[in-house]
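Now for the letters of each chain:
Protein chains: 2
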Amino acid sequence: MTAQLPGGFLSAGLHCGIKSDKAKNDLALFVSETPAVVAGVFTQNKVCGAPVVVSRERVTQSQARGVVINSGNANACTGDRGLKDAQWMTAQVAAHLKCEPAQMLVCSTGVIGHFLPKDKLEAGIPAVVEKLSATDEALEQGARGMMTTDTFPKLVSRKIEVGGTEVTITGVAKGAAMIAPNMATMLAVIMSDIQLNEQQTDLMLRHAVDRSFNCISVDGHMSTSDTVLFFNNGQSGVTLTTEEEEELLQQALNEVARELATAIIRDAEGAEHFITVDVMGMRTREEAYLIAKEISESALVKTAITGADPNWGRIVSAAGYAKVDFEEQDVTLFLNGTKIFEAGMPVEYDDAALSREIRDNREVHIELQMTLGEERVRFWTSDLTQEYVRLNSDYTT
Amino acid sequence: MTAQLPGGFLSAGLHCGIKSDKAKNDLALFVSETPAVVAGVFTQNKVCGAPVVVSRERVTQSQARGVVINSGNANACTGDRGLKDAQWMTAQVAAHLKCEPAQMLVCSTGVIGHFLPKDKLEAGIPAVVEKLSATDEALEQGARGMMTTDTFPKLVSRKIEVGGTEVTITGVAKGAAMIAPNMATMLAVIMSDIQLNEQQTDLMLRHAVDRSFNCISVDGHMSTSDTVLFFNNGQSGVTLTTEEEEELLQQALNEVARELATAIIRDAEGAEHFITVDVMGMRTREEAYLIAKEISESALVKTAITGADPNWGRIVSAAGYAKVDFEEQDVTLFLNGTKIFEAGMPVEYDDAALSREIRDNREVHIELQMTLGEERVRFWTSDLTQEYVRLNSDYTT
Numbered sequence: 001m002t003a004q005l006p007g008g009f010l011s012a013g014l015h016c017g018i019k020s021d022k023a024k025n026d027l028a029l030f031v032s033e034t035p036a037v038v039a040g041v042f043t044q045n046k047v048c049g050a051p052v053v054v055s056r057e058r059v060t061q062s063q064a065r066g067v068v069i070n071s072g073n074a075n076a077c078t079g080d081r082g083l084k085d086a087q088w089m090t091a092q093v094a095a096h097l098k099c100e101p102a103q104m105l106v107c108s109t110g111v112i113g114h115f116l117p118k119d120k121l122e123a124g125i126p127a128v129v130e131k132l133s134a135t136d137e138a139l140e141q142g143a144r145g146m147m148t149t150d151t152f153p154k155l156v157s158r159k160i161e162v163g164g165t166e167v168t169i170t171g172v173a174k175g176a177a178m179i180a181p182n183m184a185t186m187l188a189v190i191m192s193d194i195q196l197n198e199q200q201t202d203l204m205l206r207h208a209v210d211r212s213f214n215c216i217s218v219d220g221h222m223s224t225s226d227t228v229l230f231f232n233n234g235q236s237g238v239t240l241t242t243e244e245e246e247e248l249l250q251q252a253l254n255e256v257a258r259e260l261a262t263a264i265i266r267d268a269e270g271a272e273h274f275i276t277v278d279v280m281g282m283r284t285r286e287e288a289y290l291i292a293k294e295i296s297e298s299a300l301v302k303t304a305i306t307g308a309d310p311n312w313g314r315i316v317s318a319a320g321y322a323k324v325d326f327e328e329q330d331v332t333l334f335l336n337g338t339k340i341f342e343a344g345m346p347v348e349y350d351d352a353a354l355s356r357e358i359r360d361n362r363e364v365h366i367e368l369q370m371t372l373g374e375e376r377v378r379f380w381t382s383d384l385t386q387e388y389v390r391l392n393s394d395y396t397t
Numbered sequence: 001m002t003a004q005l006p007g008g009f010l011s012a013g014l015h016c017g018i019k020s021d022k023a024k025n026d027l028a029l030f031v032s033e034t035p036a037v038v039a040g041v042f043t044q045n046k047v048c049g050a051p052v053v054v055s056r057e058r059v060t061q062s063q064a065r066g067v068v069i070n071s072g073n074a075n076a077c078t079g080d081r082g083l084k085d086a087q088w089m090t091a092q093v094a095a096h097l098k099c100e101p102a103q104m105l106v107c108s109t110g111v112i113g114h115f116l117p118k119d120k121l122e123a124g125i126p127a128v129v130e131k132l133s134a135t136d137e138a139l140e141q142g143a144r145g146m147m148t149t150d151t152f153p154k155l156v157s158r159k160i161e162v163g164g165t166e167v168t169i170t171g172v173a174k175g176a177a178m179i180a181p182n183m184a185t186m187l188a189v190i191m192s193d194i195q196l197n198e199q200q201t202d203l204m205l206r207h208a209v210d211r212s213f214n215c216i217s218v219d220g221h222m223s224t225s226d227t228v229l230f231f232n233n234g235q236s237g238v239t240l241t242t243e244e245e246e247e248l249l250q251q252a253l254n255e256v257a258r259e260l261a262t263a264i265i266r267d268a269e270g271a272e273h274f275i276t277v278d279v280m281g282m283r284t285r286e287e288a289y290l291i292a293k294e295i296s297e298s299a300l301v302k303t304a305i306t307g308a309d310p311n312w313g314r315i316v317s318a319a320g321y322a323k324v325d326f327e328e329q330d331v332t333l334f335l336n337g338t339k340i341f342e343a344g345m346p347v348e349y350d351d352a353a354l355s356r357e358i359r360d361n362r363e364v365h366i367e368l369q370m371t372l373g374e375e376r377v378r379f380w381t382s383d384l385t386q387e388y389v390r391l392n393s394d395y396t397t
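If you read the sequences in order, they're chains D and G.
If you use the working numbering, the first sequence closes out at 397, no skipped numbers anywhere.
If you use the working numbering, the second sequence closes out at 397, no skipped numbers anywhere.
Be a bit skeptical, because a hint or two may be false.
[Stated by the list, open to error] Simulated coverage check for chain G against chain D, where a stretch passes if three residues somewhere in it have a Cβ under 8 Å from a Cβ of chain D:
1. 43–49
2. 221–228
[Claimed, not checked] Example chain D residues on the side facing chain G (calculated, C-beta under 8 Å, incomplete):
3. 299
4. 316
5. 326
6. 345
[What the hints assert, rightly or not] Quick look at which bits of chain D chain G covers, simulated, 3 or more residues with Cβ under 8 Å:
7. 35–47
8. 219–227
Derived from the structure by calculation, the hints contain no laboratory data.
Cβ atoms here follow ideal geometry from the backbone N, Cα and C, with glycine treated the same way.
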């Protein structure tokens, strides 16, 4: 994955000593040269990290210069001291950038219940500010600075033309892989040089997140630190004047978010299959979402896919406990394009051939078609393997 | 586990050919010699087996003679023909018992999406009626006739004295173990020779189920066939005349239900740890339940226990996404009696010693203490092991 920073954005990443492995970045900075309009979407968890508390409040001011991110320590469950440490981090960056601390946001990801190593950050922050640059390499170093157990950095760019001028939307993300005793997190930063007002920034981000980061699940365990930020600095001078242009930008933003979200699933711990779940023909999008989520989070559906087993009983029964009203005869199910359940009854199909295809292909497409309406949702998930269990139960004292 | 049938109840079990292994029973019958008052609690799944549809309707008549159960075939997702087959099963038994078909209930558990082998049942039903007996051996054979991947039959009796006369409450159950491509189920039949009216039978069963079968989870996947039945035939002549007597019976019924429910967890597929989750100090029982359920169903909590890892971060964050309002500082957490998190902050403890104890003991007690009220819930679950994944993804075409 490669990407370019939008106009007026800078990035950097380096190793400052939070992680023990010196080859791994643990500090990242994404900054706009001028104040940017910002919106954020945060974890709904009642137990959330100090950086979430700080950043959630600051995005309501809607103008920010950027975000500083450390990996290797989540600064969560750390009480008042954690809050002060998160504010201190932003103040350190702001002092070097010569802006207000309130204009800097902050994210942390890694082990929870430990205080931030301030000495390491105190040395690391001036160094990462010093390295800020607009190059592709600087962007990738920043993306690496967010990583915990990710095996590759996640970066996506889209360029669109609005009124004859090119606009860039670029996002970086890190994944929801978790290894004991750490708890990792989903973080994403999306930047654009378009000029949007606060309401546009917020609405467009929420629309994109609802169709991307809110439609992925590795194990259904909501982290304490999940954060998605969207910065617009207007450096391209481009504003949206027509509905068509707005739609064009929304589509590009959706693509960036979706590509980052699916990259997280492709990098899920121990995963052997990438699973796309489409639920169609529902009365409302919310109903489709509830069913898609239950199917995607069922351990029995996931282990069936691991075993290359076209087990429609597990899929249909997971739909059945999603607290959505329907009848068996409303349900038709396709697996990788093969119809295996129709209007509430099993159908004849070549079980061995379909199983072989799942085993070889590593991509699985579950399509549940209902007869209740026109609404649909797409969800992405990974299978559940012995390797996932090994990774997450591998603890030595 | 041993148990005795209450007065006036008969049981039998045998192999009639639904399962390929002749050593395994696949047909069971539990019958009262006289009509009994009955209540039932059934799966909430929108996709449910034909026997659930039939039995759910018949318990509303509140008088029944008993229940016929087959294992090896769930008669689920089988449409109108499945419904007719379930009714036919009860009619076959009723003809031999000389009662109305509507007085017989029915349960089926095993593979879904296949029609019942009526020829095998047609021969098996007269044979199982012929074998009906009040002996302990007959009860155990009946309990074995319900089993799918269970490794032991589950039977419990309690005897209490009411007004100088002994009353017996006896239950049998089968577990929620699942092996591809089968989907198994939780079934339980509880019988007593006490005399209860319809309302008492229904209320007492729901009270017991809410504190037992509704508080267990192996993988959070609700089956299409879950059924708990409670028969009272009044043969002891004993009625309840005081509140104390009512409480005594409720307590005995709760114990029977709880022992059967926890036996299901002890027999969960691949499980290495038996986990008890207590959530205390909540404003309502429902809030406590929501938190206990999220902790019990978190793959990350379960794999941490598998790895003997006292990972309070995973437990506290699972509580945080249960959609219950609380603050971090309301939370204190004990693991096997050791305080590891207090008022929202980590505390010092001997991590290595606690981990060793979890590894050696195989019993884990998670106690989450909130400061919000007096309500509490106890939940039981198993850990998530590589063996669970192996069993549920082991599919050969």
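Here's how the hints hold up against the structure:
1. 43–49: n = 5 at 8 Å, threshold three: holds.
2. 221–228: holds (count 4)
3. 299: holds (4 Å)
4. 316: Since chain G brings a Cβ to about 5 Å from residue 316(D), closer than 8 Å, the hint holds.
5. 326: Nearest chain G Cβ about 6 Å off; hint holds.
6. 345: Result: holds, 5 Å to nearest chain G Cβ.
7. 35–47: holds (count 4)
8. 219–227: With 6 residues closer than 8 Å to chain G, the stretch 219–227 of chain D meets the three-residue bar; holds.
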